[in-house]
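Student: Top to bottom, those sequences are chains A and B. Mapping the first sequence onto our numbering, position 65 (from 1) lands on 260, and the numbers just tick up by one. Mapping the second sequence onto our numbering, position 56 (from 1) lands on 61, and the numbers just tick up by one.
These are computed hints drawn from the structure, not numbers from a lab. Worth double-checking, as some hints may not be accurate.
Claimed, not checked - Some chain A residues judged to face chain B by a derived CB distance under 10 Å, without partners named:
| hint | residue |
| --- | --- |
| 1 | S203 |
| 2 | L206 |
| 3 | S207 |
| 4 | F241 |
| 5 | D254 |
| 6 | Q276 |
| 7 | G278 |
| 8 | A286 |
| 9 | L296 |
| 10 | G299 |
| 11 | G301 |
| 12 | I303 |
To be verified - Covered by chain B, according to a simulated footprint, are these stretches of chain A (three or more residues, beta-carbon under 8 Å):
| hint | region |
| --- | --- |
| 13 | 226 to 240 |
| 14 | 289 to 295 |
Unchecked claim - Some but not every residue of chain B turned toward chain A, in silico, with C-beta under 10 Å:
| hint | residue |
| --- | --- |
| 15 | H12 |
| 16 | W15 |
| 17 | C18 |
| 18 | F33 |
| 19 | Q34 |
| 20 | Q47 |
| 21 | S48 |
| 22 | S59 |
| 23 | E64 |
| 24 | V67 |
| 25 | S78 |
| 26 | Y109 |
| 27 | S113 |
| 28 | G114 |
Beta carbons: idealized from backbone N, C-alpha and C, even for Gly.
Read off the chains here:
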Amino acid sequence: DQQVKQNSPSLSVQEGRISILNCDYTNSMFDYFLWYKKYPAEGPTFLISISSIKDKNEDGRFTVFLNKSAKHLSLHIVPSQPGDSAVYFCAATSPEYGNKLVFGAGTILRVKS
Amino acid sequence: GAVVSQHPSWVICKSGTSVKIECRSLDFQATTMFWYRQFPKQSLMLMATSNEGSKATYEQGVEKDKFLINHASLTLSTLTVTSAHPEDSSFYICSASVGASYGYTFGSGTRLTVV
């Protein structure tokens with residue numbers, strides 16, 4: 196049973212436009228959420244995180260939105276750049292879960308120039 | 006920022022041999038280290054969690070006798086794939102953490118190919 200779901204396997208966006216990556220979770224114990232960017236044959240790189248006490252966190256071009264009632268979060272990248280092309284993973288955790296990260300399946304983002 | 010060094014980055018071994026992968030936190034002491042594996046086009050699946058000085062906790066379905074994890078110090082954890090078989094070929098990634106609110110830093114991964 197997948198506790199963290201990224202239902203879009205891929206997303207294609209024009210350079211300069213907004214990229215919106217979505218993530219849903221089922222376990223209400225999760226209280227900390229993270230987004231990672233990953234290139235093939237490399238480890239994930241941390242992008243941005245959000246605690247369940249917030250509904251928005253912004254860092255430069257990256258903004259994460261959390262809707263706890265819907266158990267949904269999204270990552271907005273604006274403006275999108277060709278260098279943003281990678282696989283994006285959503286992850287969730289909580290102290291009750293042993294602080295282990297549970298990852299979604301990932302979304303391949305392609306930013307076209 | 007926090008850096009985790011993982012070695013080797015790739016390894017090819019013969020079926021039946023053992024392979025050791027090292028994960029080091031270079032500029033911080035990691036109370037917890039996690040080991041993941043990733044099959045092509047799939048998500049990162051947690052294999053085990055290790056805390057310094059104690060036995061690793063393995064996820065359901067992961068053979069602890071096959072995937073030996075040692076976390077001898079706050080900066081080093083090793084994963085040994087024993088008696089490797091072709092189906093063990095995968096991308097293995099470690100992660101180190103001081104605690105959830107301090108974030109998780111990942112190593113660069115190890116591509117294991119068993120022939």
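Student: Let me know if the C-beta of A:F241 comes in closer than 10 Å to any C-beta of chain B, holds or violated.
Tutor: With Cβ-Cβ at 6 Å, under 10 Å, it holds.
Student: Given B:Q47 was flagged as interface, is its beta-carbon under 10 Å from a beta-carbon of chain A?
Tutor: The hint holds - B:Q47 has a Cβ within 10 Å of chain A, the shortest such distance being about 7 Å.
Student: Measuring from the C-beta of B:Y109 to each C-beta in chain A, is the shortest one below 10 Å?
Tutor: holds, 6 Å
Student: Grab the minimum C-beta distance from B:C18 to chain A and call the hint holds if it beats 10 Å, violated otherwise.
Tutor: violated, 18 Å
Student: With a cut-off of 10 Å, does the beta carbon of B:F33 approach a beta carbon of chain A closely enough for the hint to hold?
Tutor: This interface hint is violated because 14 Å lies over the 10 Å limit.
Student: Please verify that hint: B:S113, Cβ, nearest Cβ of chain A, below 10 Å or not.
Tutor: Interface hint status for B:S113: holds (5 Å vs cutoff 10 Å).
Student: Hint check: is the beta carbon of A:D254 less than 10 Å from a beta carbon of chain B?
Tutor: violated, 13 Å
Student: Does the closest beta carbon of chain A sit nearer than 10 Å to the beta carbon of B:S48?
Tutor: holds, 5 Å
Student: Any CB of chain A closer than 10 Å to the CB of B:E64?
Tutor: holds, 8 Å
Student: For the region 226 to 240 of chain A, do three or more residues have a beta carbon lying closer than 8 Å to a beta carbon of chain B?
Tutor: Satisfied; 8 residues make the cut.
Student: Grab the minimum C-beta distance from A:L296 to chain B and call the hint holds if it beats 10 Å, violated otherwise.
Tutor: holds, 6 Å
Student: Tell me if B:H12 is really an interface residue toward chain A, meaning its C-beta lies closer than 10 Å to one of theirs.
Tutor: With Cβ-Cβ at 12 Å, over 10 Å, it is violated.
The structure shown violates the earlier hints numbered 1, 2, 3, 5, 6, 7, 15, 17, 18, 19, 22, 24 and 25.
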